[in-house]
Amino acid sequence: MRITLDFRKTVEQNASDYFEKSKKAKKKLKGAMKALLKTKEKLKITESKEVVPEKPIIRKIKKKEWYEKFRWFVSSDGFLIIAGRDATTNEIVIKKHTDKEDLVLHTDMAGSPFVVVKAEGKEIPKTTLQEACDFTADYSRGWKEGLSTLAVFYVKPEQVTKEANTGESLPKGAFM
182 MRITLDFRKT VEQNASDYFE KSKKAKKKLK GAMKALLKTK EKLKITESKE VVPEKPIIRK
242 IKKKEWYEKF RWFVSSDGFL IIAGRDATTN EIVIKKHTDK EDLVLHTDMA GSPFVVVKAE
302 GKEIPKTTLQ EACDFTADYS RGWKEGLSTL AVFYVKPEQV TKEANTGESL PKGAFM
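Positions 182 to 357 (the numbering used here) are the ones given, in order, by the sequence shown.
There's no promise every hint is true.
When the alpha-carbon atoms are kept at most 25 Å apart in a straight line, the in silico DSS-like pairs for lysine-lysine are as follows [unchecked claim]: (1) K244 - K277; (2) K204 - K215; (3) K211 - K230; (4) K211 - K250; (5) K241 - K225; (6) K204 - K223; (7) K211 - K244; (8) K230 - K215; (9) K325 - K250; (10) K219 - K205; (11) K209 - K223; (12) K236 - K219; (13) K277 - K303; (14) K276 - K236.
Please keep in mind that the hints were generated in silico from the structure rather than gathered at the bench.
Using the sequences and the hints, build the whole thing.
Here you go:
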């Protein structure tokens, strides 16, 4: 064991410092011994208990609906409303998921999603149309730019075409 003495202190002061350190160490030793005994008791109790394997929790994976890859919601009247997330999904929404009785909504600005109200043979009420218009405006570029009002129009699917006028071309995701 090595003891270092402070040469600026007297022998009595050095002895007193080491005596105080030894008292603190003895107190810590008592606490450490108590904690060790408690831990040993807990270990014995844990070891004596029979280990029962837990049943694995099996969660059913919900099958995604076809429309969940788009922006979508169900109106207060129960109509499904879907919208494209970008130019590619806009094209998919218009080309693959639009039926004759549906309505297509859009704003005058580029960067707005094409929104389709799925009629499924029913007449679309004004409340659903209003909700779809709000949805179209909310996801448009105009909303992101902070415009306070936006004009949203709706048409029948047969009025939407990918064919441009002679000499013109339409970019991906754009329709006439």
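Okay, the hints, checked on the actual structure:
For a cut-off of 25 Å, the pair hint linking K244 to K277 stands: about 20 Å separates their Cα positions. Restraint check for K204 and K215: satisfied, since their Cα atoms lie roughly 17 Å apart, inside the 25 Å limit. Between K211 and K230 the CA atoms are separated by roughly 29 Å; this puts the pair beyond 25 Å, and the hint is violated. Taken as a hint, the K211 and K250 pair is broken in the structure, with Cα atoms around 64 Å apart against an allowance of 25 Å.
Under the criterion of a C-alpha separation no larger than 25 Å, the hint pairing K241 with K225 is inconsistent with the structure, at around 39 Å. Between K204 and K223 the alpha-carbon distance is near 29 Å, which puts this suggested pair outside the 25 Å criterion. At roughly 61 Å between alpha-carbon atoms, K211 and K244 are farther apart than 25 Å, so this suggested pair is violated. Taking the CA atoms of K230 and K215, the gap is about 23 Å. The hint holds against a cut of 25 Å.
Pair hint K325 plus K250 holds up; C-alpha atoms about 22 Å apart against a cutoff of 25 Å. Restraint check for K219 and K205: satisfied, since their Cα atoms lie roughly 22 Å apart, inside the 25 Å limit. Restraint check: the Cα-Cα separation between K209 and K223 comes to about 21 Å, which is no more than 25 Å; the hinted pair holds. Of the pairs offered as hints, the one joining K236 and K219 is violated, with about 31 Å between alpha carbons and a cut-off of 25 Å exceeded.
Taking the CA atoms of K277 and K303, the gap is about 20 Å. The hint holds against a cut of 25 Å. Between K276 and K236, the direct Cα distance comes to roughly 47 Å. Violation of the 25 Å bound is thereby established for this hinted pair.
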